[in-house]
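Protein chains: 2
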Amino acid sequence: MEKDENCLTRVEQANKIAVERIMASQPILIGVKPAHEVFPEMKKNSIFHAGPPVAWRDMCGPMQGAFIGAIRYEGLAQTEEEAVALMEQGKIEYSPNHNHGAVGPMTGMISYSMPVFVVKNETYGNYGYCTINEGLGEVMRFGANGEKVITRLKWLEQVLAPVLDKAIKKAGGVNLKNIIAQALAMGDEMHQRNVAASLLFYRTISGELSQEVAGREDAKDIVEFIAKKNDQFFLNLAMVASKAIMDSARDIPHSTVVTAMSRNGVEFGINVSGLGSRWFTAPVNMPEGLYFPGYTEEDANPDMGDSTIVECIGIGGFAMGCAPAVVNFVGAGSVSAAIKYSESMGEITVTRNANLPMPNLNFQGVATGIDISKVVETGILPIINTGIAHKKPGIGQVGAGIVRPPMKIFLEALRAFMKNEGL
Amino acid sequence: MEKDENCLTRVEQANKIAVERIMASQPILIGVKPAHEVFPEMKKNSIFHAGPPVAWRDMCGPMQGAFIGAIRYEGLAQTEEEAVALMEQGKIEYSPNHNHGAVGPMTGMISYSMPVFVVKNETYGNYGYCTINEGLGEVMRFGANGEKVITRLKWLEQVLAPVLDKAIKKAGGVNLKNIIAQALAMGDEMHQRNVAASLLFYRTISGELSQEVAGREDAKDIVEFIAKKNDQFFLNLAMVASKAIMDSARDIPHSTVVTAMSRNGVEFGINVSGLGSRWFTAPVNMPEGLYFPGYTEEDANPDMGDSTIVECIGIGGFAMGCAPAVVNFVGAGSVSAAIKYSESMGEITVTRNANLPMPNLNFQGVATGIDISKVVETGILPIINTGIAHKKPGIGQVGAGIVRPPMKIFLEALRAFMKNEGL
Numbered sequence: 001m002e003k004d005e006n007c008l009t010r011v012e013q014a015n016k017i018a019v020e021r022i023m024a025s026q027p028i029l030i031g032v033k034p035a036h037e038v039f040p041e042m043k044k045n046s047i048f049h050a051g052p053p054v055a056w057r058d059m060c061g062p063m064q065g066a067f068i069g070a071i072r073y074e075g076l077a078q079t080e081e082e083a084v085a086l087m088e089q090g091k092i093e094y095s096p097n098h099n100h101g102a103v104g105p106m107t108g109m110i111s112y113s114m115p116v117f118v119v120k121n122e123t124y125g126n127y128g129y130c131t132i133n134e135g136l137g138e139v140m141r142f143g144a145n146g147e148k149v150i151t152r153l154k155w156l157e158q159v160l161a162p163v164l165d166k167a168i169k170k171a172g173g174v175n176l177k178n179i180i181a182q183a184l185a186m187g188d189e190m191h192q193r194n195v196a197a198s199l200l201f202y203r204t205i206s207g208e209l210s211q212e213v214a215g216r217e218d219a220k221d222i223v224e225f226i227a228k229k230n231d232q233f234f235l236n237l238a239m240v241a242s243k244a245i246m247d248s249a250r251d252i253p254h255s256t257v258v259t260a261m262s263r264n265g266v267e268f269g270i271n272v273s274g275l276g277s278r279w280f281t282a283p284v285n286m287p288e289g290l291y292f293p294g295y296t297e298e299d300a301n302p303d304m305g306d307s308t309i310v311e312c313i314g315i316g317g318f319a320m321g322c323a324p325a326v327v328n329f330v331g332a333g334s335v336s337a338a339i340k341y342s343e344s345m346g347e348i349t350v351t352r353n354a355n356l357p358m359p360n361l362n363f364q365g366v367a368t369g370i371d372i373s374k375v376v377e378t379g380i381l382p383i384i385n386t387g388i389a390h391k392k393p394g395i396g397q398v399g400a401g402i403v404r405p406p407m408k409i410f411l412e413a414l415r416a417f418m419k420n421e422g423l
Numbered sequence: 424m425e426k427d428e429n430c431l432t433r434v435e436q437a438n439k440i441a442v443e444r445i446m447a448s449q450p451i452l453i454g455v456k457p458a459h460e461v462f463p464e465m466k467k468n469s470i471f472h473a474g475p476p477v478a479w480r481d482m483c484g485p486m487q488g489a490f491i492g493a494i495r496y497e498g499l500a501q502t503e504e505e506a507v508a509l510m511e512q513g514k515i516e517y518s519p520n521h522n523h524g525a526v527g528p529m530t531g532m533i534s535y536s537m538p539v540f541v542v543k544n545e546t547y548g549n550y551g552y553c554t555i556n557e558g559l560g561e562v563m564r565f566g567a568n569g570e571k572v573i574t575r576l577k578w579l580e581q582v583l584a585p586v587l588d589k590a591i592k593k594a595g596g597v598n599l600k601n602i603i604a605q606a607l608a609m610g611d612e613m614h615q616r617n618v619a620a621s622l623l624f625y626r627t628i629s630g631e632l633s634q635e636v637a638g639r640e641d642a643k644d645i646v647e648f649i650a651k652k653n654d655q656f657f658l659n660l661a662m663v664a665s666k667a668i669m670d671s672a673r674d675i676p677h678s679t680v681v682t683a684m685s686r687n688g689v690e691f692g693i694n695v696s697g698l699g700s701r702w703f704t705a706p707v708n709m710p711e712g713l714y715f716p717g718y719t720e721e722d723a724n725p726d727m728g729d730s731t732i733v734e735c736i737g738i739g740g741f742a743m744g745c746a747p748a749v750v751n752f753v754g755a756g757s758v759s760a761a762i763k764y765s766e767s768m769g770e771i772t773v774t775r776n777a778n779l780p781m782p783n784l785n786f787q788g789v790a791t792g793i794d795i796s797k798v799v800e801t802g803i804l805p806i807i808n809t810g811i812a813h814k815k816p817g818i819g820q821v822g823a824g825i826v827r828p829p830m831k832i833f834l835e836a837l838r839a840f841m842k843n844e845g846l
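Here the protein sequences come in this chain order: R and X. The first sequence: position 334 = 334 (the numbering used here), numbered continuously. Each position in the second sequence, counted from 1, maps to that position plus 423 in the numbering used here.
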């Protein structure tokens with residue numbers, strides 16, 4: 001296609017604004033609230049899910065399993081059969097998290113009673129929301145829905161969330177971007193590795209939390225849930241920080257910057273700044289990676305979750321060079337291969353964010369602002385580090401790997417963009 | 424000099440034993456006890472100090488300042504003048520930490536009432552000891568001796584140490600080598616950067632500590648002292664772990680492995696396994712590095728402290744390639760320069776320790792077992808990351824940098840070794 005010089009300048013200017021907003025954003029965690037308190041549109045029978053829109057009958061196994069679990073967790077049904085009936089009869093109103101300023105890992109369930117982190121983008125005033133990470137193993141984000149899963153979610157709702165909310169408020173909020181910047185110097189890329197970030201978050205509220213739990217019999221359980229038992233605790237915070245950041249770059253006319261990448265286990269979808277909240281979707285790919293002992297590719301569910309929002313700000317797969325220890329976990333080859341991934345992402349982004357330097361890349365900033373036209377021109381697809389879910393609901397994570405979005409969605413988005421620009 | 428083939432084999436075998444002991448060692452933190460409880464030889468007027476032996480009149484400013492502070496802390500004198508008089512009259516018995524299985528950073532004071540970490544080398548049964556890190560700024564390890572310093576030391580003794588001791592015991596002890604291994608994947612080299620290691624240590628006892636402080640008004644102070652206020656908290660734990668490890672490699676006949684490197688601010692000293700506890704000393708060098716705002720080389724005290732014990736096991740400067748964020752702090756140039764330092768240390772050591780892999784060097788183990796004959800043959804001196812003290816007592820740290828031991832001590836040690844071997 002021919003290049004229109006005016007358009008190029010217009011697009012460049014729009015993209016400059018987009019990345020300036022991304023880089024100027026300050027995502028502050030201000031509390032933990034029940035979902036129904038922060039989403040005015042939420043009803044007792046509302047459920048938000050990961051990825052672009054998807055109908056019940058088209059959902060993958062883990063997503064259906066998670067819906068069944070969320071319905072039971074809310075007491076809307078007692079059994080799996082009752083829950084399925086509600087879904088089939090259209091009694092549950094479901095929609096993507098991204099429609100509500102929210103994100104969730106893997107199946108990404110957010111229902112009425114679930115506590116969500118509340119993050120304010122202090123620079124632009126918008127908010128982002130995400131649930132609390134449940135930990136590893138049998139968890140709802142991988143489609144598990146048994147008693148153990150629901151009991152843990154009730155503990156998060158009734159025990160952890162109120163204490164955490166108070167500690168966060170007492171600490172005066174937590175600047176998540178500062179933690180992300182520090183953790184990049186501590187071996188995390190914040191998609192498949194959040195060891196340092198989880199500890200840095202914990203340290204920030206450690207004193208206040210110790211006061212909140214003082215004298216409680218479950219003090220140890222509460223402290224260890226955050227500080228010790230879950231190396232991926234910060235994943236959901238990295239996601240909600242990224243969501244609050246990326247939403248500030250939405251709806252900039254003429255901008256080709258990707259504002260969201262997301263998967264529902266069946267389709268991969270993106271939003272583009274200049275094209276509002278329109279989804280461009282295509283079937284998801286299967287991650288390539290390493291499987292936990294006893295599992296193979298045969299067991300894997302295709303790519304799923306809103307967690308790819310972290311790659312939109314330049315972390316996750318984009319910052320793999322910061323996290324040599326994740327290389328073996330996701331099967332990315334050598335450390336130098338990981339550094340090359342981080343370097344190559346600069347070819348499809350608008351800029352590098354000097355506020356998020358990568359020490360292992362001589363303090364070069366992370367690649368920021370995925371540009372659909374650069375993706376199409378170079379043929380380089382965004383690199384994503386991801387967990388791999390079992391395709392059957394309830395089994396959980398079976399591996400971790402690397403995945404790319406389908407090229408088709410960038411082509412279609414660019415076509416729509418050109419049309420929109422009158423080209 | 425001619426090589427004696429029998430000797431070479433004998434030395435190689437001895438060095439193999441030395442590094443096998445280093446690598447098999449498991450340093451477990453088992454508690455925190457007052458110094459006089461763990462050192463049977465300690466009297467009320469005993470003070471242990473960093474480095475090889477040094478007389479009062481020959482000590483540098485910060486070392487003299489620290490002695491004055493320690494004497495006042497113990498209530499042996501009320502004023503500086505009284506403390507100086509006690510030293511001049513020979514009323515204080517002082518000796519190097521290393522003579523007592525102990526280490527201390529910078530001036531390295533250990534006096535009668537000070538609490539010390541107790542680390543057991545579970546593999547070989549020997550013990551190591553080190554004080555609790557005081558934090559940054561005006562502290563005794565840099566020679567400060569005012570009321571603020573002594574008040575903080577009393578708080579460590581009376582408040583923190585008993586609580587920490589209970590939490591450590593309740594947690595069943597803490598394997599410090601595991602933490603060191605993890606922190607190498609999280610941007611620490613554990614001499615000038617201990618951010619991750621400090622948090623990893625804290626996480627290990629977080630639940631138990633929350634129970635110990637429950638209901639206390641100073642719960643927040645105690646938790647934050649460890650979790651939040653001092654990124655170098657783990658330095659003293661890395662040192663005592665290294666001491667407990669290295670002492671297991673002492674006194675192996677025919678071994679040329681360095682078992683301790685240490686500085687008293689005037690002289691740099693080493694011990695060599697096959698030569699027992701004999702010190703080989705020469706004047707210390709001045710670190711080359713970066714100074715905090717307002718300070719220059721003019722303000723710097725020469726190289727000081729027992730902290731170089733960490734380089735003996737292969738961390739600190741030897742593992743600088745793991746800690747890209749430390750590169751700017753110590754003025755080591757680029758990340759690739761740091762990686763080259765870590766690589767070059769392999770030329771003067773007996774082996775690489777696969778249990779302490781460096782992710783940034785494609786998981787190559789740290790260089791372990793400094794061999795005096797290799798140092799002399801290659802002319803490559805061990806690389807040390809170090810803090811720089813102000814030369815006047817009481818001002819504190821003024822910078823950080825890189826330093827090497829004087830070559831003379833390796834030459835003299837090798838000469839003594841050859842003589843000992845009858846060569």
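It should be emphasised that the hints constitute simulated quantities derived from the structure, not laboratory data. Remember, predicted model here, so these are calculated numbers, not experimental data. All C-beta atoms in this analysis are idealised placements derived from N, C-alpha and C, irrespective of residue type, glycine included. Possibly wrong hints are sitting among the right ones.
Computed footprint of chain X on chain R, listed as stretches where at least three residues anywhere in the stretch have a Cβ under 8 Å from a Cβ of chain X [to be verified]:
id, region
1, 196-202
2, 211-221
3, 393-405
For the chain X half of the interface with chain R, some residues (derived, Cβ under 8 Å), not all of them [as the list claims (entries may be wrong)]:
id, residue
4, Gly558
5, Ala619
6, Ala748
For each hint, the structure was consulted:
no.: 1; hint: 196-202; in the structure: holds (count 4)
no.: 2; hint: 211-221; in the structure: holds (count 8)
no.: 3; hint: 393-405; in the structure: violated (count 0)
no.: 4; hint: Gly558; in the structure: violated (15 Å)
no.: 5; hint: Ala619; in the structure: holds (5 Å)
no.: 6; hint: Ala748; in the structure: holds (4 Å)
Hint check: violations occur at hints 3, 4; the rest are consistent with the structure.
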